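Number of protein chains: 2
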Amino acid sequence: METETLKGTKNYTPEEQILREKIIKIIKEVLERYGFNPIETPILQPYSLLSSKYGGGEEILKECYKLKDQGNRKLGLRYELTITLARYLNENPNIKLPFKRYEIGKIFRDGPVKKAREREFTQFDADIIGTNSKFADLEILSILEEVFKKLNIDVEIRLNDKKILFQILKYAGIEGDQNFQNSIILTIDKLEKIGRKGVEKELMQKGLDKNKISKIFKLIEISGKNEKILEELSKKINVDDIKEIVRLSKIQGLKKIKLSPSLARGLAYYTDLIFEVFSEKMSSSLAGGGRYNNLFKNLINKDLPSVGVSFGIDAIASILKPEKKSKVQSYLIPVGISAEKFLPIVKELRKNINTDFDLIGRGLSKNLEFADRNKIPYSIIVGEKELKEGKVKLKNMETGEEKVLSLEETVKIIKSI
Amino acid sequence: METETLKGTKNYTPEEQILREKIIKIIKEVLERYGFNPIETPILQPYSLLSSKYGGGEEILKECYKLKDQGNRKLGLRYELTITLARYLNENPNIKLPFKRYEIGKIFRDGPVKKAREREFTQFDADIIGTNSKFADLEILSILEEVFKKLNIDVEIRLNDKKILFQILKYAGIEGDQNFQNSIILTIDKLEKIGRKGVEKELMQKGLDKNKISKIFKLIEISGKNEKILEELSKKINVDDIKEIVRLSKIQGLKKIKLSPSLARGLAYYTDLIFEVFSEKMSSSLAGGGRYNNLFKNLINKDLPSVGVSFGIDAIASILKPEKKSKVQSYLIPVGISAEKFLPIVKELRKNINTDFDLIGRGLSKNLEFADRNKIPYSIIVGEKELKEGKVKLKNMETGEEKVLSLEETVKIIKSI
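Chains as they are written, first to last, in our numbering: chain A, 75 to 491; chain B, 75 to 491.
For the record, the hints were derived by calculation from the structure and aren't laboratory data.
Note that the coordinates shown come from a computational prediction; the quantities given were computed from them, not determined experimentally.
Don't take every hint at face value.
Copies of the same chain look alike in the list, so a pair counts if it works inside one copy or between any two.
Said to hold, decoys possible - Listed below are the simulated DSSO-like cross-link pairs for lysine-lysine, each with C-alpha atoms no more than 30 Å apart in a straight line: (1) K286 / K355; (2) K401 / K223; (3) K401 / K208; (4) K99 / K289; (5) K425 / K330; (6) K208 / K399.
Put together the whole structure using the sequences plus the hints.
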């Protein structure tokens with residue numbers, strides 16, 4: 075029986091799952107505070123939707139899992155949650171706009187496996203659909219800042235505008251078709267990773283001369299405070315849109331926003347604002363997104379300018395430390411008493427606290443070992459003696475301290491942790 | 075662009091999703107009270123695991139979606155959450171037993187689509203692994219009763235023992251290989267659906283004579299109170315195991331348990347206790363499960379007798395009425411005031427309540443219409459006049475009533491609903 079792990083897929087233990095659920099809960103709560111509602115789209119999609127030339131682009135499509143059903147229809151597993159949103163919008167044409175929705179779901183990419191990027195992984199997306207308003211962009215940036223503050227992760231939210239990148243190309247005198255321009259932009263995006271030397275080399279390989287390359291660097295290497303970057307850039311190109319976002323961010327009191335003229339992000343469908351969230355603890359980003367004003371026009375012929383963000387749950391989990399190994403709060407150990415006597419105690423405890431009990435009639439020491447190994451904070455021991463007194467023996471598994479208490483007092487202590 | 079719905083897959087709107095999340099939350103809370111912890115297993119699995127002859131059986135395997143990855147490995151999408159648990163247990167050999175875990179996840183079956191049974195759907199499983207204890211069986215039955223009480227769904231929990239079915243066959247003088255016996259049992263299981271006449275006809279087609287068929291009916295048609303059924307059955311066959319479960323259920327105060335000697339459930343791997351939960355509002359079951367003592371021995375060569383239950387989230391959702399169309403509690407409408415003035419109010423509201431606001435500068439009436447159509451309970455209107463007074467205008471969208479209040483009073487009112 076082949077039961078080995080499939081590379082790029084992962085089993086999550088309770089410890090890992092408790093942490094992931096905590097992250098998801100924090101993001102959900104922030105999004106709901108901001109007026110977002112949950113939806114769910116299917117994993118299985120028509121391959122024709124996933125493979126649309128207006129979708130995620132060729133790079134992603136290469137990594138799309140393909141299959142057929144019994145009716146010989148060509149299907150694929152979704153590789154992101156934005157493209158499946160198109161089908162959702164098509165099915166629900168009467169939505170009032172702007173539509174703020176979030177979705178948590180599995181996505182699949184048959185590509186190289188690296189840290190915090192499996193072949194099957196959980197993505198958490200939030201989007202505001204159907205408006206070009208800068209307030210929508212501001213909502214997403216505010217959410218990012220609040221989420222990472224609540225997660226207690228120090229981050230930098232790098233910001234750019236896709237239009238700035240195209241203007242930089244124009245300024246440098248680079249012409250050619252969309253694909254060529256996109257390819258130059260993808261090289262520029264590597265500045266952080268491969269440094270100025272690396273980017274120069276790649277640009278030369280792509281046929282740019284020294285003069286053009288130096289013009290590019292003149293603009294993408296501008297550094298300093300956001301205001302200074304804007305001022306410098308505005309001498310050469312139009313930066314009004316991102317300037318307005320920076321202004322609104324200031325009113326909103328956002329502190330983590332950092333303009334980054336070389337930031338490009340991979341996906342071809344972004345049109346304006348783009349952003350990525352970085353922590354010093356990790357080389358890949360924890361979240362990212364941007365404004366995509368043409369995607370739904372191209373895919374489903376609807377003019378729905380939109381802005382959205384994706385959180386990588388596994389990436390975020392990988393830099394946080396699990397706190398709990400178990401959700402169980404107390405473990406009842408009956409000592410020589412019958413089911414008629416201990417089942418009602420278990421029932422009473424479960425009105426207030428998460429309780430497990432000895433199912434298999436082990437001895438006291440084996441039971442204590444079980445509670446200890448599972449990191450259950452309290453054991454509750456009940457024998458004839460305790461029953462007669464109407465009490466239980468509460469054992470703090472960390473300190474070893476034991477107390478004989480009423481059930482009520484016991485519940486109060488355990489609930490207080 | 076093909077974006078039509080793929081048959082058997084479903085988009086869930088906020089209204090539907092809010093209901094599904096409520097159901098999941100209730101089940102999770104009950105399970106955690108009973109000492110269960112969450113795990114997660116992958117959807118993509120090696121096809122060899124899914125197709126093991128010890129798995130779900132041929133019927134299910136026919137409906138398994140198959141695919142290959144770029145490395146030409148044969149994969150499949152999981153069709154249930156018990157078989158993927160095998161891989162989990164294999165990867166985590168040091169788990170302390172008994173292991174109580176739950177998992178919520180998508181499963182896939184490329185079969186006929188019917189009400190509340192899509193091709194891609196959400197299953198919620200809970201299992202106690204590694205003990206043959208009747209207390210484990212009792213835990214699962216207690217959970218079922220508590221979950222449906224909390225969901226406010228009146229149910230009957232039908233109970234049987236796989237061993238009773240095999241003994242009935244023996245009593246009726248039916249011999250033959252396992253497959254033949256299983257096929258007879260599957261026919262018996264249809265009693266509720268196709269009636270005595272239908273079952274008789276099918277049994278005759280399978281080659282049973284009148285005498286054998288009448289012997290079968292003598293036992294499977296015994297009705298009445300659980301005690302009476304046990305008494306009658308015990309004259310012909312051994313019912314000690316289920317008798318003990320009925321006894322424990324009584325101590326536990328369970329009220330929905332109903333012995334049903336014809337109940338069989340589809341899956342071949344159940345060995346002892348089996349159960350299914352029915353509501354009068356629906357023909358298919360809302361939950362079901364049983365004891366499977368040999369599955370992990372066969373699949374991964376580990377002796378882990380287990381008992382578990384599956385909840386069908388879509389089936390349960392289909393008989394409950396959605397309550398909320400949106401999680402948004404208040405909608406702020408600025409009237410002729412600048413971002414500097416209204417953004418801080420939005421921020422303050424979001425400390426306590428879920429708040430959306432006008433992103434696109436609509437007029438008051440369009441904004442009220444938006445809030446109304448989205449079933450947001452309160453609108454908050456703020457113009458220069460309100461700002462000067464340090465107040466806001468709160469409009470109850472259901473009654474139409476308007477009040478001029480401080481922000482504090484506003485939050486208090488909205489939080490109280």
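Going through the hints against the structure:
1. K286 / K355: So K286 and K355 fail the 30 Å test inside a copy (35 Å) and across (72 Å) alike.
2. K401 / K223: The answer is both: 25 Å in one copy and 23 Å across copies each meet 30 Å.
3. K401 / K208: Answer is between: at 23 Å across copies they meet the 30 Å cutoff, but 42 Å inside does not.
4. K99 / K289: neither (46 Å within a copy, 56 Å between copies)
5. K425 / K330: So K425 and K330 pass the 30 Å test across copies only (20 Å; inside, 44 Å).
6. K208 / K399: The answer is between: 27 Å across copies meets 30 Å, while 43 Å in one copy does not.
This entry does not satisfy hints 1 and 4, going by the numbered hints stated previously.
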